[in-house]
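Take the sequences, apply the hints, and build the full model.
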Amino acid sequence: MQNYIFIKLIGIAGVLLIMTGYSLLWVFPETELNEVIQRTRVALVLNVFGSVMVLLYLYKRR
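Numbers 1 to 62, taken from our numbering, label the letters of the sequence shown in order.
Any given hint might turn out to be false.
[As the list claims (entries may be wrong)] Pairwise CB distance ranges (calculated):
#: 1; residue 1: Phe28; residue 2: Arg61; range: 37 to 45 Å
#: 2; residue 1: Leu9; residue 2: Leu33; range: 20 to 28 Å
#: 3; residue 1: Val48; residue 2: Val27; range: 34 to 42 Å
#: 4; residue 1: Asn34; residue 2: Phe6; range: 20 to 28 Å
#: 5; residue 1: Leu56; residue 2: Thr31; range: 31 to 39 Å
#: 6; residue 1: Tyr59; residue 2: Glu35; range: 21 to 29 Å
#: 7; residue 1: Met1; residue 2: Val52; range: 18 to 26 Å
#: 8; residue 1: Gln38; residue 2: Ile5; range: 29 to 37 Å
#: 9; residue 1: Ser51; residue 2: Pro29; range: 23 to 31 Å
#: 10; residue 1: Phe28; residue 2: Leu56; range: 39 to 47 Å
#: 11; residue 1: Leu56; residue 2: Leu33; range: 33 to 41 Å
#: 12; residue 1: Ser51; residue 2: Phe28; range: 25 to 33 Å
Hint data in this document are derived by calculation from the structure and do not stem from the laboratory.
Cβ coordinates follow ideal geometry from the N, Cα and C atoms, glycine included.
Here it is in structure tokens:
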């Protein structure tokens, strides 16, 4: 039972990381280039880690 809850939390956390990454990609037109580059780097890392967590959830739930 405890393992099932842990696997479920991994899937939820992965989806939240992906959503956070995509929200960081939303910038206003007057944003400076340095901030856009930094936000894009962070969003890329969050999306990669979130995707790995979702894939782990899909693999472990079998």
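Violations among the numbered hints: 2, 3, 4, 6 and 10
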